[in-house]
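Engineer: Take the position in the sequence shown, starting the count at 1, then add 37; the result is the number in the working numbering.
Check the hints yourself; a few may be wrong.
Taking lysine-lysine pairs in the PhoX-like style, the calculated list, with each CA pair at most 25 Å apart, reads [stated by the list, open to error]: (1) Lys185 - Lys199; (2) Lys185 - Lys204; (3) Lys179 - Lys204; (4) Lys185 - Lys229; (5) Lys229 - Lys179; (6) Lys179 - Lys199.
Hint data in this document are derived by calculation from the structure and do not stem from the laboratory. Quantities reported herein were computed from a predicted structural model and do not represent experimental measurements.
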Amino acid sequence: MEAALSSFQSANTQVLGVSVDSVYSHAAWAASLGGVSFPLLADFHPKGALASACGLYLDGAGIGDRATVIIDTDGVVQYVESVGPGGQRDIADLVATCKAVASNGPEFAAPASLPTGSELFVRDNCGASRSALWACENLHVKGQIAIKNVSQDAAAAAELEKISGGKQAPCLVVGGEAMLESAEIVGYLVEKCGRPVG
């Protein structure tokens, strides 16, 4: 799906991934694939509520079925296909189906990029730093941002303290302004560089 995003966008289609796993599992899974820049939605609690509403929750296995649901811009389900938990989707066929369904949808804007000189300070063995790094990986912005590990580089630690007035990492520095909370950092990266929804 990631490799075909431009084809889906040309068909006025927003790709979303949904599973009953947590957001942390999604981030790790996406990073293991080299990044997944479309939104991954956690149908985690109550477990499988969305899959159940679509008739796609497999109670015995405790998972959502591997299926494709195409919803038009009016919120009407136009297409549903299950390939089963181990099945494979035909991406070219899905793109063709999306083109047939979404002929008058909104145009997709290209993702923005980070301002030149953006820096991300991270720390080893830090879950919050790992979340920020996963966001960079999944949004494919590692080439747009200087990543500095304060656990491994004393100069980076000193620079972080000078910029932010403290030692807290992760810290995203954009335009001289420091963001110190991982949720704020990830939200900013998604807002600036994520694939648009809707």
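Engineer: Are the hints correct? Go through all of them and say.
Structural biologist: Right, here's what the structure says about each hint:
1. Lys185 - Lys199: Within the cut-off at roughly 14 Å; holds.
2. Lys185 - Lys204: Status holds; Cα separation ~13 Å.
3. Lys179 - Lys204: Within the cut-off at roughly 22 Å; holds.
4. Lys185 - Lys229: holds (20 Å)
5. Lys229 - Lys179: holds (14 Å)
6. Lys179 - Lys199: holds (23 Å)
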